[in-house]
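Enquirer: Chain by chain, the residues run as shown.
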Amino acid sequence: MRAVVRHGGDLVRQVLTWALVLALSFPLFWLISTALRPDTELFVRPPHLLPRTYTVDNFSKLLFETPFLTYFRNSAIVAISTTAFVIVIAVFAAYSLSRFRGRFSAVVERMILITYLLPSVVIFLPIYLMLSRMGLANSLPGLVVAYTTFALPFAIWLLRSFVDSVPVEIELAAMVDGASRLGAFVDVVLPQLLPGIISTALFTAILSWNEYLYALILTNSDAVKTLPPGVMTLLTSSYHIEWGLLMAASVMMSAPVILAFAFLQKHLTRGFGAGAVKG
Amino acid sequence: MKVATDLESRDRRLGILLLLPAVVLFALLILYPFGNSLWLSFNRINTMTLASSFTGLSNYREVLSSPEFWQSLVTTMVWTVGSLVLQVGLGVAVALMLHQNLWFRSLARGLILFPYLLPMVVAVLVWKWLFNDLYGVINHLLMSAGIIAMPVDWLGSMPNAMIAIILIGGWKYFPFVVLAVLARLQTIPEQLYEAARVDGASAFARFFDITLPQLRNVLAIIVLLRAIWDFKEFDLIYMMTGGGPVSSTETLPLLVYKQAFPLMQMGKAAATAMLMMAVMSLFMVVYFRARRRFEDA
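The listed protein sequences correspond, in order, to chains A and B.
Our numbering numbers the first residue of the first sequence as 1 and each following residue consecutively.
Our numbering numbers the first residue of the second sequence as 280 and each following residue consecutively.
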């Protein structure tokens with residue numbers, strides 16, 4: 001009897017938990033379901049849970065009749081350049097912070113922590129003025145410079161935790177064998193650090209890919225707009241809002257992010273702890 | 280001995296050298312802009328020529344005497360507390376549920392993470408569609424459940440707009456709480472629960488006497504960190520309501536943006552930003568204290 005009661009309670013709990021999980025994922029389901037239905041099915045009452053007829057019209061319209069591909073390309077260029085630039089500098093900085101502890105590095109460490117809590121709106125005006133003066137406003141290199149402000153502290157912070165987990169002993173052993181400190185770093189530490197570098201690079205790329213505020217103030221022509229402000233322009237520029245088109249754009253711009261996160265599964269907690277998703 | 284010291288100082292020099300590029304970039308891209316912001320806040324900037332004239336504290340006086348700033352501060356607090364409560368409540372509940380054995384647990388975990396992984400623009404678009412007054416699913420569900428008789432204008436009226444952004448903020452960020460709490464739950468020794476069970480403690484007693492005290496530290500850190508992040512949230516609110524209707528969801532970051540760009544009152548914007556930073560630094564001090572204390576513990 002008691003076992004039956006417990007079993008029944010367990011069943012209820014399972015069902016309730018899954019009901020909550022499904023309710024919380026409904027927006028995701030609705031996003032995909034809307035992207036795949038024809039316009040005529042958007043305004044049916046009651047709404048169909050699944051499309052009656054599936055179509056990729058929204059996607060083809062998005063690719064061929066809107067500047068979406070330009071936005072996508074710009075986002076990719078900015079994300080890749082920011083990441084490449086930031087990672088090279090961050091690897092050395094993280095190694096230094098992890099291995100050479102001194103007064104200088106303590107100050108730098110504290111600064112990194114503060115900057116990763118620093119709101120963009122506190123520094124965005126000077127950054128905007130500086131980039132305008134340099135002629136970099138409304139250009140992709142300008143965005144890369146602006147993104148360095150948050151990508152660099154983030155990458156250093158996350159990479160440092162990866163360097164910390166590489167045992168010092170192996171590099172000391174290499175040095176006993178006659179390698180210089182820098183040689184030991186390049187030959188022994190870097191290979192061990194590679195998974196950490198790849199993870200940090202992916203996280204950094206996602207941060208840049210999703211960034212909105214700097215892109216909003218620094219770009220104003222379609223040719224240099226990235227996805228976040230670009231897709232918002234698709235929303236505001238038409239007389240009647242084409243929800244199917246917007247949901248298709250949402251699916252397309254999320255796809256690379258979701259793929260990257262799938263690779264990152266093991267490191268999610270670590271990356272989020274370091275602020276991988278800016279909130 | 281001499282050789283060792285030599286090595287050490289050479290090492291130290293290498294350490295500083297490796298750090299140097301990062302420090303230079305920091306100085307150029309964060310310290311200088313921060314100082315520049317501070318300086319702008321004491322000046323009136325001509326928008327055409329960008330020429331500045333020193334006006335002392337007048338920007339601060341102007342901002343602090345405008346109802347707009349105080350209204351915005353209250354709005355920011357309402358938003359921060361509202362969405363934070365939702366994030367933590369939902370996050371802890373879901374973490375506890377996922378910690379038990381569950382059919383297809385890894386699938387459930389993956390689905391739960393999704394809101395956090397989606398780009399903010401995507402989250403905003405799908406919620407705008409869900410909240411759409413004429414064809415949105417939310418109004419449809421509420422109407423067919425008999426809760427409302429007429430479609431509700433979610434984003435264009437108050438307090439609906441504030442409720443909407445708080446709900447979306449809760450939904451977008453609760454997975455962060457889930458991840459952090461789950462990670463901590465996995466480190467609570469099973470023996471504690473077994474011992475309590477042997478002593479006849481009920482499930483509730485076990486939760487309040489074992490789980491909650493064990494989670495206290497991690498929850499304190501999460502609340503502080505999320506409070507800081509929510510306080511400075513720009514993207515979600517700006518894209519969702521633009522601060523409207525009128526200015527009823529205009530939090531401080533949106534106010535700074537409005538002063539800086541559409542209005543081009545740079546000095547005033549910088550002063551508002553500095554005041555916002557001052558409020559936030561209270562949170563930050565508490566956060567750093569808590570971090571240090573829990574790391575030592």
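It should be emphasised that the hints constitute simulated quantities derived from the structure, not laboratory data.
It is possible that some hints are incorrect.
As the list claims (entries may be wrong) - Selected chain A positions facing chain B (in silico; Cβ < 7 Å):
#1 69
#2 70
#3 72
#4 123
#5 181
#6 184
As the list claims (entries may be wrong) - Have a look at the derived ranges for each label pair, beta carbon to beta carbon:
#7 266(A) / 484(B): 44 to 50 Å
#8 44(A) / 561(B): 37 to 43 Å
#9 258(A) / 442(B): 53 to 59 Å
#10 44(A) / 442(B): 37 to 43 Å
#11 176(A) / 379(B): 39 to 45 Å
#12 16(A) / 484(B): 18 to 24 Å
#13 424(B) / 84(A): 51 to 57 Å
Built from N, CA and C at the ideal position, the CB exists for glycine as well.
Enquirer: For each hint given before, does the structure comply? Return the numbers of the non-compliant ones in rising order.
Expert: 1, 2, 3, 6, 7, 8, 9, 10, 11
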